[in-house]
Each structure stands twice: as C-alpha cells, then as structure tokens.
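Visitor: Once you know that position 35 of the sequence shown is 837 in the working numbering, the rest is easy, because the numbers rise by one and skip nothing.
I should point out that these hints are in silico values taken from the structure, not numbers from a laboratory.
One or more of the hints may lead you astray.
FRET-style restraints, in silico, Cβ to Cβ [as the list claims (entries may be wrong)]:
1) Ala-892 to Gly-830: 37 to 43 Å
2) Val-824 to Asp-859: 38 to 44 Å
3) Ala-893 to Arg-850: 17 to 23 Å
4) Arg-875 to Glu-841: 33 to 39 Å
5) Cys-807 to Ala-871: 29 to 35 Å
6) Ser-818 to Arg-895: 33 to 39 Å
7) Ala-871 to Ser-847: 21 to 27 Å
8) Pro-844 to Val-824: 22 to 28 Å
9) Trp-831 to Arg-895: 41 to 47 Å
10) Ala-893 to Cys-807: 23 to 29 Å
11) His-819 to Leu-839: 40 to 46 Å
12) Ala-893 to Gly-830: 22 to 28 Å
13) Val-821 to Asp-859: 36 to 42 Å
14) Leu-817 to Ala-869: 20 to 26 Å
We put the beta carbon where it would ideally sit given N, CA and C, even for glycine.
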Amino acid sequence: ALEKCWHIRGYYGSLSHNVKAVYQRYLGWFDGNPAHLWEHPPVESAERYVECMGGADAVVAKARDYAEAGDPRFAATLLNHVVFADASHAAAR
803 ALEKCWHIRG YYGSLSHNVK AVYQRYLGWF DGNPAHLWEH PPVESAERYV ECMGGADAVV
863 AKARDYAEAG DPRFAATLLN HVVFADASHA AAR
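Let's have the full structure, built from the sequences with the hints guiding it.
Guide: Spelled out as structure tokens, the structure:
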C-alpha cells in the first residue's frame, strides 16, 4: 500500500525530499512565508544579493572562508549567487 503513494517515495535518496513531499501532499506548496509568493527571478535576486554583500570578490572571499571552515554547502550557495549575478566571474565558477 505504501509503495503506491507517490508522496512518500524516495527522491534522490534523501530524507529531506521525502519530508517536503509529504508536507506538500497534505498542506500544499505554500510554506506560510509571504516572501515566497512572488520572488524575484534568480538573476535579479543574485545581482541584488551580491551588491548588498559588497560585490562579487567579497562574496567569493567569504565563500572560501566558509569552505575552509567546513561548510561547503553554504559556500556553494554564496558562489551560486555570484555566478547568477556575473556568469563570467572566473573565481566563482
């Protein structure tokens, strides 16, 4: 019976995907945060984030710090913003 329920199947082998699928199955996609109702496109958001954080080079330097401190996941998030803001930035790529 459980194997026939699409919302509890494994996605990419991670528990976090299953939890999200169950939540969305019963409660829908909206997470209660109004900022998620109408988000800016990725490029526009990235340009603004990078500007607020002091520019692409400053963000890349912070990403290196996080990677060296053992948090490559957040480092990748920071670098993702830089790449979306400036796809030609060699250090971020």
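Visitor: Indicate, hint by hint, whether the structure satisfies it.
Guide: Hints and how they fare:
{"no.": "1", "hint": "Ala-892 to Gly-830: 37 to 43 Å", "result": "holds, 42 Å"}
{"no.": "2", "hint": "Val-824 to Asp-859: 38 to 44 Å", "result": "holds, 42 Å"}
{"no.": "3", "hint": "Ala-893 to Arg-850: 17 to 23 Å", "result": "holds, 20 Å"}
{"no.": "4", "hint": "Arg-875 to Glu-841: 33 to 39 Å", "result": "violated, 21 Å"}
{"no.": "5", "hint": "Cys-807 to Ala-871: 29 to 35 Å", "result": "violated, 40 Å"}
{"no.": "6", "hint": "Ser-818 to Arg-895: 33 to 39 Å", "result": "violated, 27 Å"}
{"no.": "7", "hint": "Ala-871 to Ser-847: 21 to 27 Å", "result": "holds, 25 Å"}
{"no.": "8", "hint": "Pro-844 to Val-824: 22 to 28 Å", "result": "holds, 27 Å"}
{"no.": "9", "hint": "Trp-831 to Arg-895: 41 to 47 Å", "result": "violated, 31 Å"}
{"no.": "10", "hint": "Ala-893 to Cys-807: 23 to 29 Å", "result": "violated, 45 Å"}
{"no.": "11", "hint": "His-819 to Leu-839: 40 to 46 Å", "result": "violated, 23 Å"}
{"no.": "12", "hint": "Ala-893 to Gly-830: 22 to 28 Å", "result": "violated, 40 Å"}
{"no.": "13", "hint": "Val-821 to Asp-859: 36 to 42 Å", "result": "holds, 37 Å"}
{"no.": "14", "hint": "Leu-817 to Ala-869: 20 to 26 Å", "result": "holds, 25 Å"}
Of the hints listed earlier, those the structure fails to meet are numbers 4, 5, 6, 9, 10, 11, 12, in rising order.
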